[in-house]
Amino acid sequence: MRIVEICSSEDCVIIRIKSEISERCITVDDGEKLYHQIHLKLIKGDSVILDFSGVRLFASPFFNTAIGPLLKDYTNVQLNHFLKIENLSLNGSHILRRVIENAQKYYSDSRYKNAVDKVIAENSEGY
Amino acid sequence: MDIIRIPKINDEPCDFQQLISIWNHYHDKKDIEINFSDCKFIRQNGVAFLGGLITRLQKNADHLSIRWETLDQAVYANLVQNGFVSAMGGDGEPWEGNSIPYRRDTEIKSDSFEQYLQDYWLKREWIHISPDLSDFIISNVLELYMNAFEHSGSPIGVFSCGQHYPSCNELILTIIDFGIGIPGSVRGYYVGECHNNDVSDERALEMAFESGFSSNPESYPRGLGLNLLKEFVLKNNGTLDVYTNKAHALIRNGCESYEKWSPSFDGTAINIRFVCNEKLYVLGGEDCGDMFF
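Protein chains in written order, with the working numbering: chain L, 1 to 127; chain G, 128 to 420.
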């Protein structure tokens, strides 16, 4: 797990999803595109608002790649502070919350896995 | 020459058994006739399945004869209407009716599939549901569609067909791929991860429906699609049948079961059924409004 420091620039960027992606937030490719946009702004220290006005359709592959990997790079406190989500429909909100829950589990499992690997590697060095 | 006699096809488990047996027995034959004399009725699952079988035979057989003239007139009209006959090279232009068009996708086209669901499956003249519910249902079905592409590796594509039953106010959609099957995909992940490969097909299928389980290890979290769909079907009185490899999943009446299935099917056939009544649906309740992270 890699935590990126955010030095606040006090700038706030609004990403309007309907114009940047479309009214359908479905695919892995669109999710990756949004992830890179968010990540670029966050490492510059900008706050980001994701405005989902007019977006009708959602599927988990989109959020898995747009939002999921952010939980590897940033803490929950950082994300709650620097990344705001607005005008997301009930359906979108339901899927996003599940994706975040899943990502938190995924990255905490890999942290656990890495810790175990490290212990095994350290113990094997003595043999 | 081998003759495939297509039976009457409903969408009960015994009908899927017949379809899978036909596929297993005939899909590699080189000289084939398809005869419909015994077929007095064919549901959407039969249309999608036959679409896959005929596509496969058109690619691989040396000689294929489709005896359209053996079809019952009403069945033939239905197959012309939903576009199956013209897609298979027969005569007759499709028109709009109660059958939702037959469709084959060889690559992922989520926008076009969404339009298909919107225009033909959740047609405004048929069902009276709010735009929110319509979007919610479409989002869930799109999860299925994309899953079929992401995990199956189907060499001939993904086949879909649907039906609207006004008398019982039901919508049904079948999506079939002829890839490696969900348990095969799960097992591939297990082998890749050096885990124990000794997991039954029905258990592997159950795992695929669990939250966060993905058969496709990547550098980002995934594996929610089937779990979200299951949750939606369980909450909303839908029915979901999945036939894949040697397993059958049935999600209905708030219950789920994963059982051993025979004959084995090297692919995945999914039948999903919704009742078109807005009052029956739960869209997940109010959002709690808490911070997301």
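Don't take each hint at face value.
As the list claims (entries may be wrong) - Incomplete in silico selection of chain L near chain G, CB under 8 angstroms:
no. : residue
1   : Lys18
2   : Thr27
3   : Lys33
4   : Ser53
5   : Ile95
Stated by the list, open to error - Simulated pairs of lysine to any residue, SDA-like, Cα-Cα distance not exceeding 20 angstroms:
no. : chain 1 : residue 1 : chain 2 : residue 2
6   : G       : Lys406    : L       : Lys18
7   : L       : Lys18     : G       : Ser261
8   : L       : Lys72     : G       : Gly339
9   : L       : Lys18     : G       : Lys167
10  : L       : Lys105    : L       : Glu86
11  : G       : Lys167    : G       : Asn187
Stated by the list, open to error - According to the in silico footprint, chain L covers these stretches of chain G (three or more CB under 8 angstroms from chain L):
no. : region
12  : 217-223
13  : 230-242
14  : 388-396
Everything labelled a hint here was simulated from the structure, so no lab data went into it.
Note that the structure is a prediction, hence the values are computed from the model and not measured.
Heads up, the beta-carbon is just placed ideally off N, CA and C, and yes, glycines get one too.
Verification of the hints:
1. Lys18: Check failed: Cβ of Lys18(L) comes no nearer than 14 angstroms to chain G, outside 8 angstroms.
2. Thr27: holds, 6 angstroms
3. Lys33: violated, 14 angstroms
4. Ser53: This hint is violated: Ser53(L) lies away from chain G, its Cβ roughly 14 angstroms from the closest one there, beyond 8 angstroms.
5. Ile95: Hint on Ile95(L): holds, closest Cβ of chain G at ~7 angstroms, below 8 angstroms.
6. Lys406(G) / Lys18(L): violated, 30 angstroms
7. Lys18(L) / Ser261(G): holds, 19 angstroms
8. Lys72(L) / Gly339(G): holds, 16 angstroms
9. Lys18(L) / Lys167(G): Not satisfied, since the Cα-Cα distance of roughly 48 angstroms exceeds 20 angstroms.
10. Lys105(L) / Glu86(L): This hinted pair is violated, its Cα atoms lying about 24 angstroms apart.
11. Lys167(G) / Asn187(G): violated, 28 angstroms
12. 217-223: violated (count 0)
13. 230-242: holds (count 4)
14. 388-396: n = 0 at 8 angstroms, threshold three: violated.
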